[in-house]
Structures are given as structure tokens and as C-alpha cells.
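Asker: Next come the chains, spelled out residue by residue.
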Amino acid sequence: MSAILEASGAAPERDRGGPAQPLLSVTGLVKHFGGRRDWSGKRRGMVRAVDGVDLEIFKGETLGIVGESGCGKSTTARLVMQIIRPDRGEILFDGEAVGSPALGLQDYRRETQMVFQDSYASLNPRLTVEHTIAFGPWVHGEGRRAAVARAHDLLARVGLAPERFAARYPHELSGGQRQRVNIARALALQPRLLILDEAVSALDKSVEAQVLNLLLDLKAEFGLTYMFISHDLNVVRFMSDRVMVMYLGKAVEVGPSDVILKDPRHPYTTALLASMPSMDPDNRTEEAPLFGDPPNPIDPPPGCRFHTRCKFAAPVCSAREPGLGADLGDDLVHRVACHMADPSSGHPGAVAAMERP
Amino acid sequence: MAVLSDIRIDTVAPLPARASRGYWGSVLRRLMRDPVAMVAAGVILAIVLAAAFAPFVAPGDPYKGAMLRRLKPIGDAFYWLGSDELGRDMLTRLIYGGRLSLFMGVLPVACAFVIGSTLGVFAGYVGGWVNMVVMRVIDVFYAFPSVLLAIALSGALGAGITNAVVSLTIVFIPPITRVAESVTTQIRTRDYVEAARVSGAGAFTIIRVHVLGNVLGPIFVYATSLISVSMILASGLSFLGLGSKPPEPEWGLMLNTLRTAIYVQPAVAALPGAMIFITSISFNLLSDGLRSAMAVRA
Numbered sequence: 000m001s002a003i004l005e006a007s008g009a010a011p012e013r014d015r016g017g018p019a020q021p022l023l024s025v026t027g028l029v030k031h032f033g034g035r036r037d038w039s040g041k042r043r044g045m046v047r048a049v050d051g052v053d054l055e056i057f058k059g060e061t062l063g064i065v066g067e068s069g070c071g072k073s074t075t076a077r078l079v080m081q082i083i084r085p086d087r088g089e090i091l092f093d094g095e096a097v098g099s100p101a102l103g104l105q106d107y108r109r110e111t112q113m114v115f116q117d118s119y120a121s122l123n124p125r126l127t128v129e130h131t132i133a134f135g136p137w138v139h140g141e142g143r144r145a146a147v148a149r150a151h152d153l154l155a156r157v158g159l160a161p162e163r164f165a166a167r168y169p170h171e172l173s174g175g176q177r178q179r180v181n182i183a184r185a186l187a188l189q190p191r192l193l194i195l196d197e198a199v200s201a202l203d204k205s206v207e208a209q210v211l212n213l214l215l216d217l218k219a220e221f222g223l224t225y226m227f228i229s230h231d232l233n234v235v236r237f238m239s240d241r242v243m244v245m246y247l248g249k250a251v252e253v254g255p256s257d258v259i260l261k262d263p264r265h266p267y268t269t270a271l272l273a274s275m276p277s278m279d280p281d282n283r284t285e286e287a288p289l290f291g292d293p294p295n296p297i298d299p300p301p302g303c304r305f306h307t308r309c310k311f312a313a314p315v316c317s318a319r320e321p322g323l324g325a326d327l328g329d330d331l332v333h334r335v336a337c338h339m340a341d342p343s344s345g346h347p348g349a350v351a352a353m354e355r356p
Numbered sequence: 000m001a002v003l004s005d006i007r008i009d010t011v012a013p014l015p016a017r018a019s020r021g022y023w024g025s026v027l028r029r030l031m032r033d034p035v036a037m038v039a040a041g042v043i044l045a046i047v048l049a050a051a052f053a054p055f056v057a058p059g060d061p062y063k064g065a066m067l068r069r070l071k072p073i074g075d076a077f078y079w080l081g082s083d084e085l086g087r088d089m090l091t092r093l094i095y096g097g098r099l100s101l102f103m104g105v106l107p108v109a110c111a112f113v114i115g116s117t118l119g120v121f122a123g124y125v126g127g128w129v130n131m132v133v134m135r136v137i138d139v140f141y142a143f144p145s146v147l148l149a150i151a152l153s154g155a156l157g158a159g160i161t162n163a164v165v166s167l168t169i170v171f172i173p174p175i176t177r178v179a180e181s182v183t184t185q186i187r188t189r190d191y192v193e194a195a196r197v198s199g200a201g202a203f204t205i206i207r208v209h210v211l212g213n214v215l216g217p218i219f220v221y222a223t224s225l226i227s228v229s230m231i232l233a234s235g236l237s238f239l240g241l242g243s244k245p246p247e248p249e250w251g252l253m254l255n256t257l258r259t260a261i262y263v264q265p266a267v268a269a270l271p272g273a274m275i276f277i278t279s280i281s282f283n284l285l286s287d288g289l290r291s292a293m294a295v296r297a
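Going down the list, the protein sequences come from chains E and V. The first sequence runs 0 to 356 under numbering that gives the first Met the number 0. The second sequence runs 0 to 297 under numbering that gives the first Met the number 0.
Keep in mind the hints are simulated off the structure, nothing from the lab. Every value quoted in this text rests on a predicted model; they were computed, and no experiment measured them. Yeah, the Cβ is synthetic: ideal placement off N, Cα and C, and Gly gets one too. Treat the hints loosely; a few may be bogus.
Covered stretches of chain E, as calculated for chain V (at least 3 residues, CB under 8 Å) [what the hints assert, rightly or not]:
id : segment
1  : 98 to 109
2  : 121 to 128
3  : 256 to 264
Here are the computed distance ranges between Cβ atoms for each label pair [unchecked claim]:
id : chain 1 : residue 1 : chain 2 : residue 2 : range
4  : V       : 188       : E       : 13        : 46 to 56 Å
5  : E       : 33        : V       : 34        : 47 to 57 Å
6  : V       : 127       : E       : 230       : 26 to 36 Å
7  : V       : 142       : E       : 87        : 56 to 66 Å
8  : V       : 34        : E       : 162       : 34 to 44 Å
9  : E       : 14        : V       : 127       : 30 to 40 Å
Work out the full structure: start from the sequences and follow the hints.
Answerer: Next comes the structure, spelled out in C-alpha cells:
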């Protein structure tokens, strides 16, 4: 355990900008996939996977990212993790641009780690658990023996007895155990930011709850910051301090999770919440809150991307794209990209929305 | 009196703290249970041992003939497997011939395995235009039928065993490279390779630790299936006079020199061919067994 205690003691010293500075600050993130250049050199037929996302994650908080499949959640995570290069956009980690001389990619990878959704695919089937976990520290110059010792410490910390599990191969573990190994692997480099990309989605409910509690414990113990991606609103509510809702490669609403989940301002967020099955039989969902599939991200609708499925769509919605507006007046910044939240937009529902308590 | 809290109930029996059998350990165990593969391995082992210890095993001298006792039939009291057109003992020559034939079967494939895996893993891992360039060059070689390519290269380089090995190596590099490239391309996008990249590891470290272990197995299986092809091609080259030269005992060459006797002693003339057949089918069956032993998750 010595290595871990040392790590948690060392964490505050790595803090550069103080508690007020966001740990991660992303502006204008864009990633388009595929497409061909036509005769004029313009790219056509590309998938606008992430199309201008801004986000901030403050130190010690958990930012939940929710949205339908294909909305760009995972691509955002991979962009932030620098697994794929963004087309545009800036990523600042604790005030330093990632890839700048002050914070090279190699250093950034010690600070930020990621847990993948597929617990089996993310473990090398030919490596034992201890070697998988020890790989990161070993790459960063730790001795073989010290790295394996650290792996054993971490295994114990994620609830897997090292004497029983260290020498096992991934196929000898259950899904929950494998995901614990993945978490230990991510923690082996003592990161400050952990990106959890649907990390519990593939687990069954009881195991999911155990892993979520483990994540909360680890967060408190090591002073971690989480970027928690999920399509499960219940899980996001349980884990997150703030929530960002994504739709077709854009953020549509950002705010504190209790505010957003109780009083959503974007019609899409409302629909997402309404689609959660209720435990109360008197409160059952009578009609589908959303109809149809999301539009094709190769050719997203003009104006507000949600207007094709929105109950409140007005002419202005297809004409002009709403930006993430100003703070709606909560304690933490609650912003929404909807014309109804903007009195000057000319949307007929805007005034009514403003008069809400 | 036993207090309830004193009684510990293990709902899940803890597994013994054994060291897990590694991947290759479990493959070997499964291979041992495959009777066909084991028979094939036994045949290969027997042929290899006989060839290696030929001076002790063989009853006679592979070069010494007796003009009076030419083309004896199989079952002859003196020559158990008959004698060839120069009166040399067939059994002795078949045993000695295994040396060169096995050598010509294994060495080109081994060389091509090293070169082709390197090329293919590199091209597959790097991807992009590097992959394009490497694979298109490989495709040019791949477009030729392997027999024609082997003959053309051997003909251009000149007869001789070394040149035959070189030309067969060149023949086997393209198919091995293609297999290596396709397997690596699949592995490259796996989450664990991405996770390794996220750990900050460089390309060579990732290839060494995470890619090779998952890629070499399938390439190796494919390469073992080429050993029989290599033996047959090498025999073909010898038959055409492009490989080993008489009086060297080599199965392909023996087939060539005995073809004049095919109407006199057809059974004896067919013996070298039978050896080629038995050896190559054994290699193929062993390779099949290895493939199915490796197919199951470790």
C-alpha cells in the first residue's frame, strides 16, 4: 500500500492553477470522420461526430455526459484522451495546452487515464492481470519488480485479492472483476482525471452498483476527477455533480445534475428524462417521448439539430442555430442551447419559458 | 458455545492460489488430446530422427551402388525397399534424402516467417500509406503462381541448394506478409492496444508486448502449413535440375532419376513421392491440429 499512500499524498503538489481553475477545459472541439474531397476541395459525406463541443471539468467533480448512442459521447472521450486527433479545438489540462512544451503528450498521459466499455476487449488476453496493470508504470520507467508490486497494491485496492488474482488471465475473470482490473490499470499511472466511457454499462445491475461504489471510494481516496459517460440517466444521477447532455455531436444542455434532472430546460433533455421508466405504475409512460431515430450526422438538419423531433419546433428553430446560452441563474452555471430559453430569439415559447418559476 | 458470528460460511469456494497455465501451456495440452495431430507429430518426429541419425539408422551407404543389383523390387532380401537405377539401396537413400528434403521444407519457410512477419506486422500496425506501399509491392509477387515464381527465381539465380532456398524464401514472403498484415490490422484497433497507447507506450513497446503475442500464433500456424508446399516445390526444383544435384540423395531428385524406371519398378520409383506425400500431409495435419488447439480462447 505504500506506493498508493505516497501517491495520494503527492497529488496536491501537482495542482498548478489552484482549485478555481478547471482541471480540464475544452473549447471548440471538432472531429469529422470520413468523407471525400470533391472537385472544389470541399469535403462531402463526412460524419460530424463531434461538432464544436465546449466543456469544463472542475477539480474533484464528476461531469456526467449523457445522450443517445451515436451522439458523440465516446468520440469526445477519445478526443480528450488523444486517442484520435481532433480536427479543431483546444484542450487545456490545468491551464496548460495538451501537446504544448509545458505539457507533452507523455506527461498528459500520466495525468489522464481512461476505462473502456468492453472489459474483455480492453485487456490483452495473453497477459496476466498483474502484467497488464504493471505495463503503464513500466513504460514510464519504473522497475519491473516495483511495477508489479504497485499492481498488487492496486489489485487489493479495487477489491481483488492479489494472491488469488494477480497471476490470472482475463478469460478467468468475470465481467465485474475484469472491469476492476481495468480501473486498477487506469489508476496505475496515478492520474488526476479518469475518463469512464460507459465503464459500467456492460455489467449486470448488482455488479454495476458495486463498481460504482468502488469508483466513488477511489475518487475520495485519491482525489480524482471523473468524466463519466453513460446512456443510463440513473447511473449518471448517482455519480455526477454536473451533467452535460449531448445530441448529434453538440452539447445541448449543461448544468448541475440535480437541477438538470429535476428541471430540464431543453426539450431533448425533457424527452430523455421522460423515457426513463418510472417505478410508479400511476406514472407510467403513456406515449413515446421521442419519435424516430436521430437525424443522419452526415447531413445534420439546419438550425437547431433537434428541431426535426421537437414538439415545440418553430420556424426560427430551422433557421438559426441556438448557442449554449448564458447562465440560467442557478448556483453553478446552467446553460442550454434552445431558442425557448432566449427571450430575444423570437420563438413563441420563449416568453412562456422565461416565466417559469 | 459457538456464536453465530464465529461460523464463517464460504458461499464461494476460493480457488486455489495456483499459477495459471499460460496460453501456450493450454494450447499444448489441447494439442496433446488431438489424436490425429499426435500421429502426425509422431510421423514427423520419426522422419526427423531418422534423417538426423541417418548414419546409424540406415543399413548401407547412400552413394555406393552395385550395377549387378539394379532395380530390385520392394521386399528384396538384401534391399528391403528395393534398389534404384544405379543399384543403390532405396531405404538408405530415402533416410538420407530426408535430410535435404526437410531442410528445404523448413528453412525457406522459417526465413520467410521472420521476414514476412516483420513486414506484415509493421505494415499492419503503422497502417496508412506505409501499409499501402508495402502491401502493393507484396501483391506484385503474390500475383505470380508460386511454382512459376520459384522456377523463374531459381533459374535466374542458377542451380544449387542455396539459390533454391533463397528463391523459395522469396516465394513464401508474400503470403506470410499478407496473413501477418491482416491479423495485425485486426489487433491494432482492439481496446487493449488503445489502452496501451493511452498508457504512453511507444509503437515498438506496444508491438512487442501487446501485438506480437496475439499475432505470432496465427502466422505460425499458417507458416507450418507452408512447409509441405515448400517441400513439394523444392522437390520440383530438384526434379527440374534447379535444386540439389546427383548423386545427392534428395526425394525430389530421386523421383526425377527414377522416372526412367517407372515401367520396370513402378513401386520403387514411387517411393520418394510417397515420402514427400507422407511428410507434407503430416505437417499439414499437425498445422490443422495446432490451429484448432489455438482457436479456443486461452
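Asker: Next, verify each hint and record whether it holds.
Answerer: Taking the hints in turn, this is what the structure says about them:
1. 98 to 109: Since three or more residues must qualify, the claim that chain V covers the segment 98 to 109 of chain E holds, with 4 doing so at under 8 Å.
2. 121 to 128: holds (count 7)
3. 256 to 264: Violated, because only 0 residues of the segment 256 to 264 of chain E bring their Cβ atoms closer than 8 Å to Cβ atoms of chain V.
4. 188(V) x 13(E): 46 to 56 Å: violated (32 Å)
5. 33(E) x 34(V): 47 to 57 Å: holds (51 Å)
6. 127(V) x 230(E): 26 to 36 Å: Distance hint for residue 127(V), residue 230(E) holds at roughly 33 Å.
7. 142(V) x 87(E): 56 to 66 Å: violated (43 Å)
8. 34(V) x 162(E): 34 to 44 Å: holds (39 Å)
9. 14(E) x 127(V): 30 to 40 Å: holds (39 Å)
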